[in-house]
Amino acid sequence: MTAKKKILLIDDDKDFLFATKLILEKGGYEVFLAEDGKTGVEMWKSINPDLAIIDMMMETWGEGFSVLNKIRATDTGKETPLFMLSAVDLQGPYQSFEPPPEFPTVNKVLQKPIKADDLLGYIRQALGVK
Amino acid sequence: MIMTGNSEKHLILIIDDEEVLRDGCRQVLERCGYDVLTAGQGNEGIKLARERMPDMAFIDLKMPNMSGMEIIEILSRDIPDVVLVMITGFATIVSAVEAMQKGAYDYLPKPFNPDQLRALTKRALEHRNLKIETRRLREEKDQMERNFITFVSHEMRSPLVVIRQYIEALNAIAGDRFEQDVKEIIERCTKRVHNLEEMVEHWLDISRIENGTLTQQKVSLSLDSIISRSVEEMAPLCRKKGIALETNSPRSLPPITGDTESLVRVFTNIIGNATKYTPEGGKITVTVKNDDYYITASIADNGTGIPPEKLPLIFEPFYRCAEKNEKSSGSGLGLTFCKKIMESHNGVIDVSSREGEGTIFVLTFPISINTERNGSVEIQ
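So the protein sequences, as listed, match chains F and S.
At position 35 of the first sequence (counting the first as 1) the number is 35 in my numbering, and the numbers step up by one without a gap.
At position 156 of the second sequence (counting the first as 1) the number is 156 in my numbering, and the numbers step up by one without a gap.
Be aware that a few hints might be false.
If you anchor each label on the Cβ, the simulated ranges turn out as follows [stated by the list, open to error]:
no.	chain 1	residue 1	chain 2	residue 2	range
1	S	156	F	36	19 to 25 Å
2	S	78	F	78	55 to 61 Å
3	F	115	S	182	18 to 24 Å
4	S	146	F	79	40 to 46 Å
5	F	78	S	251	38 to 44 Å
6	S	250	F	79	53 to 59 Å
7	F	18	S	241	27 to 33 Å
Quick caveat, the hints were computed from the structure, so don't treat them as lab data.
Ideal Cβ placement from N, Cα and C applies to all residues, glycine included.
Next comes chain F alone, as it looks inside the complex (with noise of 0.2 Å):
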């Protein structure tokens, strides 16, 4: 029996998580939970997930950047796939996220709310080409 894919969620917003986790879980993934940015480089770092997704909106508007890079800068954390999640309109009504030019790469750029079919799709997408 081949071992589940890991997964760390990062987001601030508890029910948030909660409900992720639920979809994760159900698309067969073992899910990990950091409840804010530091909780999560720590998690990153001790259960190596296969692939992380992170909320770009947490406590400050840089939190979830300050994460990416922390992870990115990890010998694991080059290659593994790392999605971010935004809420809707950040700067105003129709501009969707466009990541500074310095911007590590993130292999997905996904809206809150999600659906759940999209982002088992997604992740399947990026595990798989991996």
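Add chain S to chain F, keeping to what the hints say.
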């Protein structure tokens, strides 16, 4: 001692070349509990004012070297909230008006007695306090409005996002076991949450337009592309409701200046609105015309129409034409949004309607005065 009601002592500057008058005023005002500075001429007075930032200044109109008028102009520009009063021996209406235009609060004709000086000082300082208080309140209000927008966008959206995510989770983990009626309940919940989200978004958009923080990228564009995109977007809904959606447009249109996204939303809003009041088998027609200065786009339906007494109200926020027993959906802010967007494009939105025959919305856009082709030009 008379205090002005303010705990701090007010500082008053007197600029006059007559020593007797300076000293007389100083004595009167100091006895009232004010701090007083004096200067015998303009340059000295301005220097003193810049250093000590007085709350109020009396300035003699007629002095050698620099006129009182000049001093008033400089002080009202340089010293925030200072109340300026002109002292003059030749109190003509003309000079008083000029001084006030340059920023003076009032004038004091010579000769004057201590009572007049005291009364005017008290009134002027009260005026100053009111002015400062008003500004503080206005700033506070603006700040609250801005904070409120941020508050709404974070605190109202997050729970809605979470509810939708839970519904997704619910369907994902148990959707295949739900009976039809359970599915229907979930479907209805989703719809209502979606409506609420829409209302929050619309409300936010309108607040942003009102306080000028809506991001709009105004470029030179063809209304044609806006309309075809909007029609494309609305076609599925019209098909579903059995309503025909047609466009009549001249072969080529002069460019207008606008923000594509918000204009598409204006058209989809109006077309969407028309579908609510047009019965199956009805028709919505978008017609574009232009002359040398304006492009007009009319969106006409042959639906139920709007009663004349309701027509003037439809652009008001949260106004709904639907009667209580009619099924209504939407935020009640769609047309308000359209009107605001049209205004931000120097355009006009108009409506006319006949009950039982249909409704026509007419959007009028000024044509870009474009000297260079394809350049993006802001309309002056």
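inquiry  = I want to verify a distance hint. Is the separation of the beta carbons of residue 115 (chain F) and residue 182 (chain S) within 18 to 24 Å?
reply    = Distance hint for residue 115 (chain F), residue 182 (chain S) holds at roughly 19 Å.
request  = With 38 to 44 Å as the target window, see if residue 78 (chain F) and residue 251 (chain S) comply at their CB atoms.
outcome  = violated (55 Å)
ask   = Lying within 53 to 59 Å: is that true of the beta-carbon distance residue 250 (chain S) to residue 79 (chain F)?
value = Taking Cβ atoms as reference, residue 250 (chain S) and residue 79 (chain F) lie about 56 Å apart, which means the hint holds.
request  = Determine whether the Cβ-Cβ distance between residue 78 (chain S) and residue 78 (chain F) falls within the hinted range of 55 to 61 Å.
outcome  = holds (59 Å)
key: Pairwise beta carbon distance, residue 18 (chain F) to residue 241 (chain S), judged against the given window 27 to 33 Å   = violated (38 Å)
task = For residue 156 (chain S) and residue 36 (chain F), compare the CB-CB distance with the range 19 to 25 Å and indicate the outcome.
result = holds (23 Å)
message = Tell me if the beta carbons of residue 146 (chain S) and residue 79 (chain F) are separated by a distance inside 40 to 46 Å.
response = holds (43 Å)
When the structure is compared with the earlier hints, violations turn up for hints 5 and 7 and for no others.
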